[in-house]
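Trainee: Read off the chains here:
2 protein chains.
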Amino acid sequence: MLHTVPDPSFQCRQRLAESLRREQMDWALIGAGPGFSYFTGRRPIITERLLVLLVSAEGEACLLAPLLQAPLYQEIEGVEVFTWADGEDAIARLAEILNRNQPQRIAVNDEFYSGFLLPLQAQSTARFLRGQDVIDAARCQKQPEEIVGLQHAAKAIDRVWQRFCDSCGALAGQTEFALRDRIRHLMQQEGFSEISWIDVGAGANGASSLHHGSEKVIASDEPVVFDFAGCLDGYYGDICRVAITGNIPADYQALYDIVLHAQEAAFQQIRPGVSAESIDLTARRIIAQAGYGDYFTHRTGHGIGVAAHETPWIVKGNVQPLGLNMVFSIEPGIYLPQRWGVRIEDIVIVTAEGAQRLTQSPRLIVVIDAAAEAVSYAN
Amino acid sequence: MLHTVPDPSFQCRQRLAESLRREQMDWALIGAGPGFSYFTGRRPIITERLLVLLVSAEGEACLLAPLLQAPLYQEIEGVEVFTWADGEDAIARLAEILNRNQPQRIAVNDEFYSGFLLPLQAQSTARFLRGQDVIDAARCQKQPEEIVGLQHAAKAIDRVWQRFCDSCGALAGQTEFALRDRIRHLMQQEGFSEISWIDVGAGANGASSLHHGSEKVIASDEPVVFDFAGCLDGYYGDICRVAITGNIPADYQALYDIVLHAQEAAFQQIRPGVSAESIDLTARRIIAQAGYGDYFTHRTGHGIGVAAHETPWIVKGNVQPLGLNMVFSIEPGIYLPQRWGVRIEDIVIVTAEGAQRLTQSPRLIVVIDAAAEAVSYAN
Numbered sequence: 001m002l003h004t005v006p007d008p009s010f011q012c013r014q015r016l017a018e019s020l021r022r023e024q025m026d027w028a029l030i031g032a033g034p035g036f037s038y039f040t041g042r043r044p045i046i047t048e049r050l051l052v053l054l055v056s057a058e059g060e061a062c063l064l065a066p067l068l069q070a071p072l073y074q075e076i077e078g079v080e081v082f083t084w085a086d087g088e089d090a091i092a093r094l095a096e097i098l099n100r101n102q103p104q105r106i107a108v109n110d111e112f113y114s115g116f117l118l119p120l121q122a123q124s125t126a127r128f129l130r131g132q133d134v135i136d137a138a139r140c141q142k143q144p145e146e147i148v149g150l151q152h153a154a155k156a157i158d159r160v161w162q163r164f165c166d167s168c169g170a171l172a173g174q175t176e177f178a179l180r181d182r183i184r185h186l187m188q189q190e191g192f193s194e195i196s197w198i199d200v201g202a203g204a205n206g207a208s209s210l211h212h213g214s215e216k217v218i219a220s221d222e223p224v225v226f227d228f229a230g231c232l233d234g235y236y237g238d239i240c241r242v243a244i245t246g247n248i249p250a251d252y253q254a255l256y257d258i259v260l261h262a263q264e265a266a267f268q269q270i271r272p273g274v275s276a277e278s279i280d281l282t283a284r285r286i287i288a289q290a291g292y293g294d295y296f297t298h299r300t301g302h303g304i305g306v307a308a309h310e311t312p313w314i315v316k317g318n319v320q321p322l323g324l325n326m327v328f329s330i331e332p333g334i335y336l337p338q339r340w341g342v343r344i345e346d347i348v349i350v351t352a353e354g355a356q357r358l359t360q361s362p363r364l365i366v367v368i369d370a371a372a373e374a375v376s377y378a379n
Numbered sequence: 001m002l003h004t005v006p007d008p009s010f011q012c013r014q015r016l017a018e019s020l021r022r023e024q025m026d027w028a029l030i031g032a033g034p035g036f037s038y039f040t041g042r043r044p045i046i047t048e049r050l051l052v053l054l055v056s057a058e059g060e061a062c063l064l065a066p067l068l069q070a071p072l073y074q075e076i077e078g079v080e081v082f083t084w085a086d087g088e089d090a091i092a093r094l095a096e097i098l099n100r101n102q103p104q105r106i107a108v109n110d111e112f113y114s115g116f117l118l119p120l121q122a123q124s125t126a127r128f129l130r131g132q133d134v135i136d137a138a139r140c141q142k143q144p145e146e147i148v149g150l151q152h153a154a155k156a157i158d159r160v161w162q163r164f165c166d167s168c169g170a171l172a173g174q175t176e177f178a179l180r181d182r183i184r185h186l187m188q189q190e191g192f193s194e195i196s197w198i199d200v201g202a203g204a205n206g207a208s209s210l211h212h213g214s215e216k217v218i219a220s221d222e223p224v225v226f227d228f229a230g231c232l233d234g235y236y237g238d239i240c241r242v243a244i245t246g247n248i249p250a251d252y253q254a255l256y257d258i259v260l261h262a263q264e265a266a267f268q269q270i271r272p273g274v275s276a277e278s279i280d281l282t283a284r285r286i287i288a289q290a291g292y293g294d295y296f297t298h299r300t301g302h303g304i305g306v307a308a309h310e311t312p313w314i315v316k317g318n319v320q321p322l323g324l325n326m327v328f329s330i331e332p333g334i335y336l337p338q339r340w341g342v343r344i345e346d347i348v349i350v351t352a353e354g355a356q357r358l359t360q361s362p363r364l365i366v367v368i369d370a371a372a373e374a375v376s377y378a379n
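From first to last, the protein sequence lines stand for chains A and B.
The first sequence: position 180 = 180 (my numbering), numbered continuously.
The second sequence: position 188 = 188 (my numbering), numbered continuously.
Honestly, I wouldn't trust all of these hints.
The list treats identical chains as interchangeable, and a pair is accepted whether it falls inside one copy or across any two copies.
What the hints assert, rightly or not - Below, computed lysine to aspartate or glutamate pairings styled on EDC-like, alpha-carbon distance capped at 16 Å:
#: 1; residue 1: K316; residue 2: D294
#: 2; residue 1: K316; residue 2: D89
#: 3; residue 1: K316; residue 2: E88
Keep in mind the hints are simulated off the structure, nothing from the lab.
Being a predicted model, the structure only gives us computed values, none of them experimental.
Just chain A, with the same shape it has in the complex:
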C-alpha cells in the first residue's frame, strides 16, 4: 500500500552530498527501498522495473523512473525526473545520466539489485562502491519530524498491545493463528498501512525468534511470545511481549527475569558516544553469566525509522558510537529449543543524558485470566 512519508528529504539530500564530498564520491545511487523513501519523501514501488534516485556530490538530484510510475514521483523539490518506457533499455539510460560528468567513484545503496548493477558496471568506467556508510548511515540520527513519526508509531503499537490484552479473552484454547489475526485486525484499525510481521509462538514455538504462528492450540500455563511490527504514516513500530493464561511456571519466570535484567541493563548503558556493540555486550554478558549465553542467538537490536530494520545495528563488531536522536530496538532473548523462549523488545531513543523508551507497554508478563477475561501484570 502507498502512503506518504514526511518530507525532510531536501535537507537529507544536502547532508548526503556533504558526505559524498567528504568521501570523495561523485554520485550516490539509491535503488527502490527505504533509502529512496528517506531521500525523496515518496515511498517507492519495488518491482523488477528500474527505479533509482541519483544524488551528486554537488547536491543535485534526479531520478529515473518507469514511465508508468512517473506520476508518483513528480514535484519533489529539486529532483528532476527522467523516465524510461517498457521496451527501452533502462540501464543504458542510467549509464548515460551517470557518465555525463565522468565520475570516478559511485556509492551504491545496499538494496540496489545486482540485476541493475552488473550491466551498469559494464557500461561505466567508474568504480562502484558499497555506499552503506555514506548513504544508509545518514538515516541513523533522526530529525525532529521523524521523532514525532516514530513516537506516533510506538504509541499505536502500544495501543494495539493494550487493546489485544483487553479483548482477546483466554489465550488457552485459541490457536496462534487466531491470535495473529486479532492483532492484524487491531493494527489495521489503528491505521497501519503495512504489517511487517506478526509472530505468535506458544510454548516450544516461542523458542524460535521467527515463528509466524500455526494452528497449534494454546494450553493453560503456556507462555506465548508476541512480536509484531508495521508502518504507520511512513514510520515503523515494533514490539515483543509475553502473555499467558493460567499460572506462570516458576522456571519460566526465572528465565524471563534474566532477560528483563539484561534488557534494562542494556537500556541503562545507552548514551551518546558509547559504541553500539557495547550495548550488545552488556545484555549478552548478563545472559551469559546466568548460564544461557548459547541461547541468545541474535543481536540485541536494530535501528528503526522509514524501515523496520536499519542502522544502527546493535551487534558485536559495530564500533560505531551512538549519537543523539538515534532510534533503535533493545530486544535480548533466550531460546531453549523444544521448551520455550523469552524476548522483550522496546524501541528507544538516545538523549543527551542517556536514552528514553518510546515503547511504554509494561515489560512484565501479561496474565490473561480465563474466567474474568481480566488482565493483570505479574510482578
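Given the coordinates of chain A, work out where chain B should sit on it, guided by the hints.
Mentor: Relative to the frame of chain A, chain B by itself:
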C-alpha cells in the same frame, strides 16, 4: 507471512546446473526472493541479513543462512546448510565457500543485493555476471505441479471477483478504499497469504495503472478499474476488470471494446515458437490503429509463478520464443489522463495448439445495479 511452496526444487536445480554448464558458469548465486523459493521449495525471509543459495555446475547445492533463520531451511533434499551468526562476517563466509573450487564465472540472480555483491566482488577473482537468462529464465516453463498451483490461484482470484460483485452493493456512494478493503477481506477468506496489491481507480483515477485507491467517493455512471493480485499456497494470481453502477457512457464502452479486441487478438496470437514481443505488438497495433497508441503506456504482460511478476516479459524487444507451459498475463490498457482508463487482464498458459486462459471471469464490464444489488454483464 510464511507459506510452503510445492517442491519440485531438486529437479529445478538439476536443470539449472545443466544451464550453468552450457553457459560455462561455475556457480549460480541466488539471493532471497522468488528464485530462492523456486530452487529450494522454501519461501525466504527477505531482510538485511545475507541469505543465499549456491548451485554449482556439477549440481551440488548449499545455502548460507543467518543462524536464527536456519531452522526454516533445514532438510531440503541435497542442500547443505551453512550458517553465520550476528556479529560474524557473512560475506567472508560466502567468499570462502565460493572460492573453494576457484571459479571463473559466477551467475548472480537479479534480486541479490548490491550491498552483498560489491564486497563479494572485492573478495574473489571470479567474474560476476548477470544470471537472468540462466537462473530466472528457468522459471518460465512451468512443471505440472506448478500448473496446478497456478490454476488453483487463478480460480481463487475468480471467486474473489465473483463474490465481490455479488456482495459489494452499489459502487456509487462508496469510497475506493472501502471497496479495496472488501476485496482484501475476500482474498484473506480465500486463503491468500500475501496480498501483492489491490488497485481501485474510479473515473479519472482509473487513468493510472498504479492507482492504489483513495477516499474518493464513487459516482453513478463512473467506471471503476480493479486490479488485484496475491499469493495462494506459493503461487500467484492476478486479474484486472472493470465494474460500474449506473449506465456505461458510450465513449467508455467504445474504449473498452478496443482493449477487449486487443486482448483477444493478443491471446489468439499465442502459440509455441512465437516471440514474446509479437504478442505485445499485436495488442499494441490494434490500440494504435484505433488512435490510442500513445495511451497504452506499459508492456502487454508479465510471467507469473512463484512471483507476481517474472519472465517471460511480453514486451517490445523480447525476442524470446514462447514455449509450452509458459504462464503469463495479457493486459493491454488505454489511459486517458484526467478522464478514465481501461485495462483487461487474464492469466494464460501456452499449450501445444495455442493458449488457454486460466482466468475464467467474464471479460465484460460488470454492471452492479444500485437498487437490486443485482449484477449483470454488459454486452
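Trainee: Would you mind marking each hint as holding or not holding in the structure?
Mentor: Each hint tested on the structure:
| no. | hint | result |
| --- | --- | --- |
| 1 | K316 <-> D294 | within (15 Å within a copy, 56 Å between copies) |
| 2 | K316 <-> D89 | between (43 Å within a copy, 11 Å between copies) |
| 3 | K316 <-> E88 | between (45 Å within a copy, 8 Å between copies) |
Every hint from the earlier list agrees with this structure, and none is contradicted.
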